[in-house]
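All the letters of the sequence shown, read from the start, carry residue numbers 4 to 418 under the working numbering.
By construction, these hints were calculated from the structure, which means they are not laboratory data. Please note that the accuracy of each hint is not assured.
Under the rule of at most 20 Å between Cα atoms (straight-line distance), these lysine to any residue pairs were calculated in the SDA-like manner [said to hold, decoys possible]:
| hint | residue 1 | residue 2 |
| --- | --- | --- |
| 1 | Lys-254 | Met-232 |
| 2 | Lys-16 | Tyr-87 |
| 3 | Lys-173 | Met-139 |
| 4 | Lys-173 | Arg-220 |
| 5 | Lys-173 | Gly-350 |
| 6 | Lys-173 | Val-346 |
| 7 | Lys-254 | Gly-264 |
| 8 | Lys-26 | Ser-80 |
| 9 | Lys-254 | Met-139 |
| 10 | Lys-26 | Ala-67 |
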Amino acid sequence: MACLLIVALVRAKCDLRGGINWKINRNYLFLFAGTIFFQIISSLSAPSVSDSLRQMFIYLSMMAVFLSVLFLGVDVSGIIRAVYFYLAFSILQGLVGVYQVIGGLLGWPMYNDFLGQIPVGNPRNAQGIYWFPGEMVPRAFGFLSDVNHYAGYMVGVIVLAMALIAWNRKRIFPYLVLVSGFAGLMLSLSRSGMLTLGLFGIPALLLVLHRVRFSLRNLIRPTLLTGGMLILLLVVGGMRSGGSSIGNIIKGRFGSLTHPGAGERYHLLSRLMALDALATNPLIGVGMGVNSTPWYSERYDAYWAGAHSHHFDALGQTGLLGAGLQWLFMFLVGFRMWQGLLVGRRGSQESAILAGVLAAFIAIIFGNFFYYYYLNDFVWFLMGCGVALSNKIIFEARNNSAGLKQSEELSQSHL
4 MACLLIVALV RAKCDLRGGI NWKINRNYLF LFAGTIFFQI ISSLSAPSVS DSLRQMFIYL
64 SMMAVFLSVL FLGVDVSGII RAVYFYLAFS ILQGLVGVYQ VIGGLLGWPM YNDFLGQIPV
124 GNPRNAQGIY WFPGEMVPRA FGFLSDVNHY AGYMVGVIVL AMALIAWNRK RIFPYLVLVS
184 GFAGLMLSLS RSGMLTLGLF GIPALLLVLH RVRFSLRNLI RPTLLTGGML ILLLVVGGMR
244 SGGSSIGNII KGRFGSLTHP GAGERYHLLS RLMALDALAT NPLIGVGMGV NSTPWYSERY
304 DAYWAGAHSH HFDALGQTGL LGAGLQWLFM FLVGFRMWQG LLVGRRGSQE SAILAGVLAA
364 FIAIIFGNFF YYYYLNDFVW FLMGCGVALS NKIIFEARNN SAGLKQSEEL SQSHL
C-alpha cells in the first residue's frame, strides 16, 4: 500500500502514462469494507484473536493488489503488457519446477545450497526439495511454498496460453507458456490442480471462446501437445526413483478418489467440521486463523485446522455474512469481465486475453472447493487485470457508439 501511494504521487505529479485511474467502482470498496468489518467481528470469538487478525491483514494485502491494478491500469496496452509479463515469468516458474524434480532425483544443488540462511515458508521444502509423502519422488513448487498453490497458478497460465493460441496459433510464445505450465502442473503432482484444470478450466475456456466466436480449431494443436505430454508421463512412467514412478503416482492419486485412503477421509472430515463451525455460529463463524490455532469441534471431538477449501473455510470462519460478501464480490468481478467480453472487438488480442483471464478466474474460483487458492496474490492480480481490461473495453465501446451516433445525426442534418 505504501508503494502504491508513492507511485500514485509520482504519476500524478509527473503525469506519467496517464497518471492514475481514480474511477473505481464503489461496490468493490463497500464489499471490501463490509468483509473486513465482519472479519473483525468474527475475530472476537476466534480461538486466537491475534491469528485471526493476521489473516485479516492477508485479506487487506490481497485487496491492495486488486486495487493497485485498477489504479494503474490506465490503458489497454499497459494491461496487456502486464499480462504478458505475468506469462513470461510463468515460463521461469515452470522451468524451476522441472529443475526441482530432475535435480531432486539426480542430486543437483538447490536454492538452499546457496541461500541456506534464508527461512522458507513451508518446512516440507526446507532442503529445497518437496518430497511426495511415502515416495522418493520430488514435487515441483517453483518459487511458491505450496505445491497446490503452484498448481493453481499454472492452471491460470495454461488457460491464458490456450486463449492466446486460439487468437493466433502461429506465435511461439504461448506454446512456450503452455508447455512449461503444463509440465509444472503435472510435476507438482497436485490432484486439486489437475481437477481444477480438467473440470473447470478447459470447459470454461471453450465456453467463453465459443461465445466470442474464436476458432476452436486453433486449439487442436495445443490439445495434442498437452495430451502427448500426459501420455509420456502416464504410459512411459516418467522418471523413476527407488521403484516409484511419477506416472504411477498420478494414476494412484486419482484412483484414491474411488478408493479413499486416510488422506481423503481427513479432507472429507475437515469439510464436515467446517459445516459444524458454521452451525455453531451461522452469521459470523468461529473466527479466522484456525490453521494456526485450531478450533475444537465438540461434534467430531477433534480440532479443526482448516478445510483445504477456501469456500468451506470462509463459511466456517466468517459465517454466512463474511462468506456471502466474498461470493458477491466474486460474482461482480466475473460479471464485469463478461460484460467487457460481450462488447469487445471480435477476434482482437484484448478479447482473447480477457477470455483467458475470465476462464482462469472461473477455474480458480470453482477450484477453491478443492483447495484454498483465493488468498494468493496471483489470483487477485488476474482479477484486477480482468476488471481493468473490461473497464477500458467498455469505455472505448461506449465512446465509439457515441461517435457513430453523432456522425449519423450530422449526416441527417446535412440531408
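**Hinted pair Lys-173 and Met-139, Cα distance within 20 Å** = violated, 40 Å
Is Lys-26 within 20 Å of Ala-67, Cα to Cα?
-> Cα-Cα ~16 Å, so holds.
Within a Cα-Cα threshold of 20 Å, do Lys-26 and Ser-80 meet the stated pairing?
-> Answer holds: Lys-26 to Ser-80 is near 18 Å, not above 20 Å.
**Message:** Check the hint pairing Lys-254 with Met-232 against an upper bound of 20 Å on the C-alpha distance.
**Reply:** Within the cut-off at roughly 15 Å; holds.
(Q) Lys-254 and Met-139 were given as a pair; does the straight-line alpha-carbon distance stay at or below 20 Å? (A) It holds: about 16 Å lies between the C-alpha atoms, which stays within 20 Å.
Exercise for review: Sort out whether Val-346 lies within 20 Å of Lys-173, counting only the CA atoms.
Suggested key: This hinted pair is violated, its Cα atoms lying about 26 Å apart.
Against the 20 Å threshold, does the CA-CA distance of Lys-254 and Gly-264 hold or violate the hint?
holds, 14 Å
Would you mind confirming whether the straight-line C-alpha gap from Lys-173 to Arg-220 stays at or under 20 Å? holds, 13 Å
**Message:** Check whether the Cα positions of Lys-16 and Tyr-87 lie no farther apart than 20 Å.
**Reply:** violated, 28 Å
Straight-line alpha-carbon gap Lys-173 to Gly-350, limit 20 Å: holds, 15 Å
Checked against the numbered hints above, the structure violates hints 2, 3 and 6; every other hint is satisfied.
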